[in-house]
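Work out the full structure, taking the sequences as your base and the hints as a guide.
As they're listed, the protein sequences go chains C and H.
Position one of the first sequence corresponds to residue 210 (my numbering), numbered consecutively onward.
Position one of the second sequence corresponds to residue 37 (my numbering), numbered consecutively onward.
I should point out that these hints are in silico values taken from the structure, not numbers from a laboratory.
Nothing here was measured: the structure is a model prediction, and the numbers come from that model.
Be careful, since some hints might not be right.
Residues of chain C placed beyond 10 Å of chain H at every Cβ, according to the derived structure [as the list claims (entries may be wrong)]:
no., residue
1, Q445
2, T526
3, P682
Which stretches of chain H does chain C cover? Using the computed rule of at least three CB atoms under 8 Å from a CB of chain C, they are [unchecked claim]:
no., stretch
4, 72-85
5, 93-101
No residue lacks a Cβ here, since even glycine has one placed at the ideal position from N, Cα and C.
Listed below, chain by chain, are the residues.
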Amino acid sequence: MARVPEEVFFESLGQIHARLVNKEFSARDLARDVCDRLERQGPRYNALALLLRDEGMRRARDVDREIGRERIRGPLQGIPFAVKDLLSLEGHPTTWGAKPYAGQVLGRTATVLRKLSGSGAGLCGKLAMVELAGGGGYRSAAASLTGPGLNPWDRTKWAGGSSSGSAAAVAAGLVPFSLGSETSGSIVTPAAFCGVTALRPTYGLVSRAGAMALSWTLDKIGPFARTAEDCGHILQAIAGGDLLDPGSAGKGFRYVPQYTRPAGEYRAGYAEADIEESADEALRPALREAVAVVRGILAEMKPVELPDLPFGAAISTIISTEGSAAFRQLIESGGVDQLADERQIAGLRAGLEVPAWQYLEAMRIRRQVQVEFAKLFQEVDVLVAPARMSTAPPVAEPLDRASGRRPARAGGGLRAIIAAGNLAGLPALVLPCGFAGGMPVALTLVGRPFSENALLAVGVEFQNRTDWHRRNPVLPVPGPR
Amino acid sequence: MKKLSRRALGGILAGAAVRAPGRGQEAASEAPVDELTRAREAIRTQGRTLAEAAAKLAPETEPAFRFEA
Chain C
210 MARVPEEVFF ESLGQIHARL VNKEFSARDL ARDVCDRLER QGPRYNALAL LLRDEGMRRA
270 RDVDREIGRE RIRGPLQGIP FAVKDLLSLE GHPTTWGAKP YAGQVLGRTA TVLRKLSGSG
330 AGLCGKLAMV ELAGGGGYRS AAASLTGPGL NPWDRTKWAG GSSSGSAAAV AAGLVPFSLG
390 SETSGSIVTP AAFCGVTALR PTYGLVSRAG AMALSWTLDK IGPFARTAED CGHILQAIAG
450 GDLLDPGSAG KGFRYVPQYT RPAGEYRAGY AEADIEESAD EALRPALREA VAVVRGILAE
510 MKPVELPDLP FGAAISTIIS TEGSAAFRQL IESGGVDQLA DERQIAGLRA GLEVPAWQYL
570 EAMRIRRQVQ VEFAKLFQEV DVLVAPARMS TAPPVAEPLD RASGRRPARA GGGLRAIIAA
630 GNLAGLPALV LPCGFAGGMP VALTLVGRPF SENALLAVGV EFQNRTDWHR RNPVLPVPGP
690 R
Chain H
37 MKKLSRRALG GILAGAAVRA PGRGQEAASE APVDELTRAR EAIRTQGRTL AEAAAKLAPE
97 TEPAFRFEA
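Quick look at the structure:
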């Protein structure tokens, strides 16, 4: 049994797969060490919900046999991974990060898990999350069955939510990649706070069958990884039509950088006010430098602004209404009182009282948001904005200010891009782009629906010219087994 | 039987789980009611904002239920 060198846990999927093919170590060696890391270090960040050592080792044995027969597949072959604990694996607990569901065992395996298994990747664990993905709104980072998600860059800071464990586990080198989900900000925020690359796919591109439903019209599943290229490979594996998901767009995704327009041909829109007014001052030097790099890549960068629409009110109303309907039984039975966060409990209760007209007006506004984005994307191919306007807040601080659910004011550049982009179902790529006060800062690229290859082309070129995605937090030295 | 505050009673009537405050527990036991009130007010505020914005939309603007390229 070979020991897997420490640096491997921070390498890209292609690098790790090449080592497996070269037989520097076996898939079983890798799966064993990833499980050890999840088990020993996961609790340091409150990142681990469930270790799946037997499943991971079983898949690794199959892959070792394949590689032994020289049956070499794509870069996910033999790669261990973990997923947010809202994805069900038949016969194993799926807690949705919430006490009322602590003993829940579902009878189906999520489509994305079946797809990843088919590509040779091995599921080694479930990762912590904010309870019920924070659908009722939450005030505390501790709104989770596993405690507050702690940031590997500084454990006194929050990992972000609601895919807290998915981001922290990749940042800490516990797994080469993970899956999380986003309704509004739950991939973008933890990726930005933890300094990892992540992709929120277009609504409907990735099946949610077997995932907890918070908002049927907003939920998306996407990858957290080391690089934009890794995100492309993972998306190719998990995307595709699925009759089990009524929201499925029926489209697949091929990661084809060789056939995609070169990054230098794209036009981008950005707003100077995002950096010079909206972002915290400490983030501005990193963001300015990152935008300068993007400017050097693209054909053109022009100033743009989101239209004057109530993005925050619309998305909050939709999440409240759909989320409270999804959890109506929990709310009406009183089980909701077992949740950790009082604001979340109240938000879910109040969501049952949203008048029908208010939900429908929010959905009409949403239609207008789509129309306005279609106009904007006639002028530019990509929108470039800070992923978050601040770095990760202290774990103990109430999240009122830091929460992605604060109402987005109309106008003011692209400040409301998280709410607006989610309302329109647009894809977003998160790219680490520097540090402020020792904590990661990130940029986001947002594109037309199903333009993931374009975002990835720009992201790959950005990462060719920078090394922020290769920076790792200082971690405890692994002890003897 | 302990007497409930008007606030707590309002919470119960609205379906909220509120326990009667014991001695020295006033602030803690009333917190859920405050959060519920806050949540309801936030929804009302969002409703006003949406109504105002929706009034400016073309009447034929239909709710978005499909999201395609």
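Each hint tested on the structure:
1. Even its closest Cβ contact with chain H, about 18 Å, leaves Q445/C beyond 10 Å, as expected for a residue assigned away from the interface.
2. Distance check on T526/C: its Cβ comes as close as 5 Å (rounded) to a Cβ of chain H, failing to clear the 10 Å threshold; non-interface status is violated.
3. Annotated as non-interface, P682/C keeps its C-beta farther than 10 Å from every C-beta of chain H; the closest such distance is 35 Å.
4. Chain C is given as covering the stretch 72-85 of chain H, and this holds because 10 residues of the stretch bring a CB closer than 8 Å to a CB of that chain, at least three being needed.
5. Counting residues of the stretch 93-101 of chain H whose CB lies closer than 8 Å to any CB of chain C gives 6, which reaches the minimum of 3, so the coverage claim holds.
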